[in-house]
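The listed protein sequences derive, respectively, from chains P, Y and Z.
Once you know that position 342 of the first sequence is 342 in our numbering, the rest is easy, because the numbers rise by one and skip nothing.
Once you know that position 58 of the second sequence is 1058 in our numbering, the rest is easy, because the numbers rise by one and skip nothing.
Once you know that position 219 of the third sequence is 2219 in our numbering, the rest is easy, because the numbers rise by one and skip nothing.
Derived from the structure by calculation, the hints contain no laboratory data.
Here a beta-carbon is modelled for each residue, glycine too, at the ideal position from N, C-alpha and C.
Misleading hints may appear alongside valid ones.
Unchecked claim - If we take Cβ atoms under 8 Å as the criterion, some of the chain Y residues that face chain Z in the derived model are:
hint, residue
1, TYR1190
2, GLY1198
3, LEU1305
4, ALA1306
5, VAL1309
6, GLU1401
7, PRO1428
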Amino acid sequence: MTRPATVAARLGAFSGPDLPDPDGLRSCVHCGICLPQCPTYQILGEEMDSPRGRLYLVRAAAEGRLDITPTFTRHLDLCLGCRACETACPSGVPFGRLLEATRGQIERRGRGPARRALETLIFGLFPHPRRLGPALRLLALYQRSGLQSLVRARGLLRPFPRLRAMEQLLAAVPRVGRLPALVPAVGARRGRVGLLTGCVQRLLYPQVNAETARLLSRAGWDVVIPAGQGCCGALHLHGGRLDEFRRLAGALAQAFPEALDHLVVNAAGCGSAIREYGHWLGEAAPAAALARKTRDVTELLVNADLPLRPVEAVATYHDACHLVHGQGIRSAPRALLARIPGLRLVELPESDLCCGSAGVYNLLEPQMADRLLERKVDNIAATGATLLVAGNPGCLLQIAKGCRARGLVVEVLHPVEVLARAVGP
Amino acid sequence: MPLSPAVIPELRRLLGPDGLVVTPEGRMTYECDMHTFYKGTPELVALPRTTAQVMELVRLCRRERVAVIPRGSGTGLIGGATAPQGGIMISTTRMNEILEIDLANRSATVQAGLINVWLSNAVRDRGYFFAPDPSSQMVSSIGGNASTNAGGPHCLKYGVTVNHVLGLEVVTGAGELARLGGKVADRAGYDLTGVTVGSEGTLGIVTAVTVRLLHTPEGVRTALAAFASIEDASEAVSAIIAAGIVPAALEMLDAAIIRAINEGIHAGYPTGAAAVLLIELDGPQAEVAAQAERVAAICRDHRPLAIRVATTEAERTLLWKGRKEAAGVLGRMTANWLLQDAVVPRSKLPAIMREVAAIAARHQLLIANVFHAGDGNLHPLICYDERRPGERERAIQANEELLAACIALGGSVTGEHGVGVDKAKNLPKQYAPADLNFMARLRRAWDPDNIMNPGKLLPSHPACGEGLRVGAPVRIPSGAWV
Amino acid sequence: MTSALGERLRAVVGAEHLADGASAAVDGVAPRFVARPANVAEVSRLLGLAHAEGLAVAPRGAGTAQGLGNPPTRLDLVIELGRLNRVVEYEPADVTVSVEAGMTLDDLERVLGKHRQVLPLDPPGWRARTVGGVLATNASGPWRFRYGTGRDALLGVRFVQADGTVTWGGSRVVKSVTGYDIPKLLTGALGTLGVIVETTLRLHPSPECERSWLLGFASLDLARGCLAALLDSALQPSRVEIVNAGTLAALGEPVTAAALAVSIASVDAAVAAEGAELDRLARAAGGGARQLADDVWERYGSLFAGARGVRLRLACLATSVTELVALVDALAHRHGLGARVGGCAGLGALTAVLEGECAPDAWEPAILGPLRDRLEGEGGSVIVEQCPLALKERIDVWGPVDPQALALIRRIKTEFDPTGVLNPGRFVSRL
Ligand SMILES: Cc1cc2nc3c(=O)[nH]c(=O)nc-3n(C[C@H](O)[C@H](O)[C@H](O)COP(=O)(O)OP(=O)(O)OC[C@H]3O[C@@H](n4cnc5c(N)ncnc54)[C@H](O)[C@@H]3O)c2cc1C
Ligand code: SF4
Ligand code: SF4
C-alpha cells in the first residue's frame, strides 16, 4: 500500500505523514510464532523486546493507549530490524515497514542529546564514502580532540572500540583502483546490468565489487557502474529518517540509466532497502522501477556458465538478515557455493540468527550486538569450518571482528569472493 | 490486594537488576495471551531463572496476599496468562534449560519455559521425539503445555500432554516445592501429577517437567484427501476411526482456511475443495503400507476430489507447515474472531458439521474450520468484524449455539485449549454444581489462599457460581480421622 | 443399634441385598454389613447414611484386591458393587464405552469383542476383576507398555463422595480439559475419595494379529543388552516383559537365567517383519527367540494372581529392571523363598510373588528394607500388594511417600473425607 509522504493525519500518538499502517498492525494476531526467531527475545526473554511485544506497543500507541515514551522508544531501538519475525509470521505482518514508520515517528519527535550526537556522527559519515574513509583515518586525531571528551561525558564511550576496529580493518585493505564506468560482457552477451557499489562495500571490501563486476562480465553481462552513484539510503530507512531516505532513493534512481535488465546488488542491506522503494516512494516513482529490477548478485551468478576449479575448504554460510528475511533469498547463495568443486558446505546452526551487525546497530546498541556476535562465533566454531561466507559487508565486518577476538582462524568472505577463487584470474 | 511498592527492592534482590519488569509499557505487553479480547495488566512481571527464585516469589506473594499469574510463552487461547485482578506475573521464558536427557529410560527433564519443539530438536538425531505437538509447538513452552494439557495433531495416536508427563516439579500456591512423580512415574498415593497437569496455573507454578520421549517410528506416510463437501470429509473421518485404524494424525481443513493458508504459507493445498483431510500414518513400514491402502479405500468411498501422498520429507513438511501455522493465518481472514474448542463423540462428526454450517447460515457469518477431526475436537473459527454493527452480537450468539450443540451430542466444552477466563462461564453446561464444588475444594489443597491465577478455570462469577460457595475449611487435627 | 442400622440399610438396598459382614472381612476386620446396591442412587444413599452415622465404609468390586493397603482402622459397611454391572452407553464408532463400575473385565471383553475393540487393561487375573476395582487400585499388566494404565484409559468417572454426593468428573469424549482432571485423582486412590460407580473408557481397536516370543538369555547382562537394543529400536511391541527363572519354570518354558517375553500386534505382514527383527536382536545380544503359544499371557497373568504368598509391586527405572530382578532372586534365595518375578521391562514396573517360610519379623530387614534402599535413589518404590496379616501388621505396605506430596495428599483427604468414612487407615500413611 502506498502512502504518499504528503498526507498528514493522526493515529493515536502518531501524527503527520508515514503513519504505521493500522491494517498492518491489526494483522498481528498475537500468536507468538515469531518469538523464538527474534534475536533480542532469545537473548532477553522479555515480551516487550519481542516482535509481538513491539507490535503491541506500536498498536497501543496507534490506539492512543500509550504515548511515545522513552521506554517505548527504548524497546524499538533495541530491535535489530532483522525481520526474522517477518519470515516466521504466518499472518503476513509487514514488520519491517511498521518498524520503519514507527522509527520515523520517533525521529520526528526528536531524540535526546546523547543519541542525537551519536546519530549525527554516524549519519554524517556512513552514507558518504568520501567522508567515511578519511574520517576513520582521522580517528586517532579525533580521539585526542575535544569531541572525545564530549562524547565521554555523554557516556558514549562504548561504541568507540568498534570505530577503532574499523579503522584497523581499513588500514589492512589493499588499495583497489576505481572501477571503470563499464565492464563489457565477455563471450556471449546476456544483457546489461547496473552494479550498486554501496558505501561500506566500496570502502572496506572494494575487491568484492571488483570481483562482482568481473564475474558478471564473464557470465555475459555488460556491467554499468556509474561513478556518481550515491547512497541507497538503507541506513536512513532503518533509522526512520524517511525524508532523507526518499531523497537518496530518488537520486540513486537518477544515477542509473533506465535501460538495464537488472540492478545488481552485492550488499544485502542495500538490496533489501532498494526493494522497499516502491512502498515508500510510490510504485510510479522511477525509484520503484529500479527496485523491481533489483537482484542479489548470487541470484544472477548461481546458474552462470563459469568454469570452476576446485576450492578445497570446509565452508559454512551465514544468512544475512537482509538477504534471507529482507529479500527471501536463502537457497541461491547456498546453491552457488554447492556448485564449487572441492568446497564442503556445512550448515551453520542458527544460520539465520542475526550476527548483531544490523546496519549501524552495532554502533548504537553495542551490548546486544556483542551478545549476538558471541553466539554467532560459538556456532561458527562448532561447525569446524575454515571459511565463513556471508552476503553483506556489515556481517563480514562484524563476524571477522568476532572471530579475531576469539582467536578463531576463519576466513570471512563474500560468496562472490569464493566464486572468484573457483573461477580463477 | 494491590501490591505494596515496598516489595520491589526485595524482588530486585531476589531476581537481579534485569529480572523484573516494572515499566507500564513493559507490563502492558504482558496483558494478554493470544486471546487478546481479555486483558489484564500485571502489577509486576518477574523473570526468574531458578526454581528457588520461583519459590521465594510465591512465598512473597502469599505473604502479601497478591495474585500469582504463571505465564509461559503467552500463546494460550483462553485468556489464561492474563492478570485481570493485577498481581505478579511469573514468566518462565528464562527458565529454558534442558536439565537431563536420559534416552536409556526414554525420558527428559526440562525447565518449564523450554519451547516444546526444542526438546524434539535436541533428541531427533538420536531417533527420539516428544509426542505432544500443539500447533504452537514452535513457540509454546512445555510448562504451558503441561499446564493446559495441550493436545495436537499427533495426539490422536499418542495421547495428549498428560499421557507423556512422568513428573513435575511445582511450587504450590502454599509456597511449597513439591516433586511429583519422576522418571519412575509410579508412586504410592494420589496421582498428583495427573491432577496438576491441565490445572492452568491455578494450583501452583510448574518449574520443571519430566517427560516421556518416544522412539521415531520406522515409517511415516502423509496424505492429503480433498473432498467436495465437508460432510463427505466428516463421514470419511468417522469411517476411518470406526474401521479400527488409528492414524497418527487426522486433521480437517475447510475451504476458507485452505485459501488463507495457501496465501500465507504457500502450502499448495488444493484449491476448490470444500474440505481437505490431512492424514498421517506412522509405525512399522508394513503396517503403514497396509493401513494406507485401507485409508485410501475409505476415502475413495466418500467421493474424494483428489488424494495426494507426500513423497518426500520436504513435501511432508510443507503439508504440515500449512496446518501448524493455520492459527496464525487467521489475521488474513478476519478482523475479529471467536474460537471454539469443543469436542464431540467421533461418530457425531457429520452431524455437528451440518450443525456448524446451519449456524453459520443462520447468523450470516463465516465459520472456518481447521481441527483435530480424528479426536472429534472441533475448532470452529467464528469470523466477524466488530466495526460492522450487530456482527459481534451475532458471533457471540453463534458461539453459544455451537457449544450447546456439542454438549447436546455428549461432548465437552474444551478439548485442549483449556478454560481460562474465556470458558469458565461454560463449565456449568458440562458439570453439575456438585462437580464444580468438588473441583473448587480440590484447588484449596494446593492453594489455600486462592492466590494462584485467580478467576481462571473455575466459574467464580456469583451469577454462575452457585455451587462454588466453598465452605470454611474443616479444621481437624492431623491424624484424627485415622 | 445394629438392628436399627440394619433396618435403614435394608430400606436402601432391600433385604436380599444386605448381608451380615462376617464373611467379608478385610484383613481380619469384619464389617457389620455387606450391602449390594443396585444403582448409583443406592450407593449415594448408603454413603449418606454412613456419613451421618459415622460409619467406616470399604467399597468392594470382585474382592480380588482386598489385600491391598493397610488393615482398616475401622470397618462397618462393605459396599459391594457387583450389581452395578451395566453398559451405560456403547457406540462402537466412538471407540469409547461407558460402563458401571461393578462390571467385570471379562463381561466387558465380551461386549467389546463383538466390535473388535478392547479395553487394554490386563492386570493379573483381570477377567474376574471389576472395572472400578482395577481403576481404584491402578492395577496394570503387560499391555501397559503399549497402552498405558488406567489413568490413560479413564476419560470420565462418576463417583460418590464420602457424604453421599454423586459427582462427575472428566467427560465422555476422548479429549477434554474442562476443569481439573478428576479421573486421574480417582485412579489409584483406593476409594478413599469416593466410590467409583460409573466410568467412561477409551478403547482401542483389537489388533488383527498378535504373536509372542520368548527371548532367552544365559545371563541377566545379556538380557539387559537385548532390552536396551529393543527399546532403542523402531520396533513397536505391545508387551515387553522381563521374567526370571522362577516364572519361566512355572510357565513350563525352558529355564534360562533371564528372559524377555515380547508380543507384537499389528497387521500380519508387520508382525512377521517385526518378529524377524526381534529374532535378529535376540541373536545379536547373544540369546535366541522362540515363539510362544497364544494363551501364554493368560497363564502368565495367573502366576501373579491369587491369594498365596507375598506379592510385591516394584517400580524402578527401565535401566534397573535386570538388576532388580537379580536382587529379588538373590534375596529370595538367601532366605529360602521361591520367587516368580515378571513385569513391564520397558517401563520398570515389576511384580514379584515370593513363596515359602519366612518369619514375619524377618521380612523388613531381609527383603523389603534392601529393596527399598536400592530403589530410593532413583525414586522407585515397593508396594506390598498382598501378604499374610501377621506380616502386614509389621510393615509399611506402601513404603515412604515424599513429604511434600504427602502433605498435599493429606490436605486432599481431609478436604473430602474429614471424618474418615472411606477406607479409613488403608491408604498411604494410614490415611
Ligand atoms: C498458533 C497456535 C496454535 C495452537 N495450537 C494448539 C493446539 O494444537 N493444541 C493445543 O492444545 N493448544 C494450541 N494452542 C494454544 C496454546 O499454544 C497452548 O495452550 C499452549 O500449551 C500454551 O503454552 P504457553 O507456554 O504459551 O502458555 P501460556 O499461554 O503462557 O499459558 C497458558 C496457561 O498455562 C499457565 N501456565 C503457563 N506456564 C505455566 C507454568 N510453568 N506453571 C503453571 N502454569 C503455567 C498460564 O497461567 C495459563 O493459564 C495454540 C496456540 C497458537 C497461538
Ligand atoms: S507478528 Fe505474526 S507471528 Fe508474530 S505474533 Fe503477530 S501474527 Fe503472530
Ligand atoms: S526485526 Fe528482528 S529484532 Fe526486530 S522484532 Fe523482528 S526479529 Fe526481533
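How the hints compare with the structure:
no. : hint    : verdict
1   : TYR1190 : holds, 5 Å
2   : GLY1198 : holds, 5 Å
3   : LEU1305 : violated, 25 Å
4   : ALA1306 : violated, 26 Å
5   : VAL1309 : violated, 19 Å
6   : GLU1401 : violated, 18 Å
7   : PRO1428 : violated, 11 Å
In this structure, the hints that do not hold are numbers 3, 4, 5, 6 and 7, in rising order.
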